[in-house]
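Novice: With the sequences and hints as input, model every part of the structure.
Start counting the sequence shown at 1; every next residue gets the next number (the working numbering).
Accuracy of the hints is not assured; some may be wrong.
Straight-line C-alpha distance at most 25 Å; calculated DMTMM-like pairs for lysine to aspartate or glutamate [stated by the list, open to error]: (1) 76 <-> 51; (2) 76 <-> 87; (3) 76 <-> 52; (4) 75 <-> 39; (5) 75 <-> 51; (6) 76 <-> 48; (7) 76 <-> 39; (8) 75 <-> 48; (9) 75 <-> 52; (10) 75 <-> 87.
If you're looking for bench data, these hints aren't it; they were derived computationally from the structure.
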Amino acid sequence: MLRGSIPICAHNFYDNALLVSKGNTVAYGSILNIVRSVDLSSNNLSGEVPEEVALLIALQSLNLSHNHFTERIPKKIGAVGSLESLDFSVNQLVGEHQPPPSMSRVDIFYLVFL
Numbered sequence: 001m002l003r004g005s006i007p008i009c010a011h012n013f014y015d016n017a018l019l020v021s022k023g024n025t026v027a028y029g030s031i032l033n034i035v036r037s038v039d040l041s042s043n044n045l046s047g048e049v050p051e052e053v054a055l056l057i058a059l060q061s062l063n064l065s066h067n068h069f070t071e072r073i074p075k076k077i078g079a080v081g082s083l084e085s086l087d088f089s090v091n092q093l094v095g096e097h098q099p100p101p102s103m104s105r106v107d108i109f110y111l112v113f114l
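Specialist: Put into C-alpha cells, the structure is as follows:
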C-alpha cells in the first residue's frame, strides 16, 4: 500500500521503456506515450490530483478511487482525448464535479461522495 501524495516530479520520468511482445522487442523513448491504464486505488494517497496526469496522452483508464484526494479534479485531465474510464469515487474532493465537455466519450465516470 502506498501512502502520501503523488510527487509532482512524476512528470519528469522520461526513461526509456522496453516492451517485449511475442518475441518482438520495441524500445520507446518515453513511457508517457504508452501508458494506457493507471490504477492507484485504495492506497491512502492524499493532497491534490496532480494535473501532470494529463501528460499521459494514451491514457484510457484512470482509477484513483478509495484515497484521500482533496481539492478539485484538474481540468487538464479532461484534455486527454483517449480517456474512456475515470473513477474518483470515495475521496474527499470539493466543489462540483462533472465530466468536462471534452470528455463526452467517457464511458464510465464514477464520483461518489461518502
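Novice: Would you mind marking each hint as holding or not holding in the structure?
Specialist: The hints, checked one at a time:
no.	hint	result
1	76 <-> 51	6 Å, holds
2	76 <-> 87	16 Å, holds
3	76 <-> 52	8 Å, holds
4	75 <-> 39	19 Å, holds
5	75 <-> 51	8 Å, holds
6	76 <-> 48	13 Å, holds
7	76 <-> 39	18 Å, holds
8	75 <-> 48	12 Å, holds
9	75 <-> 52	11 Å, holds
10	75 <-> 87	15 Å, holds
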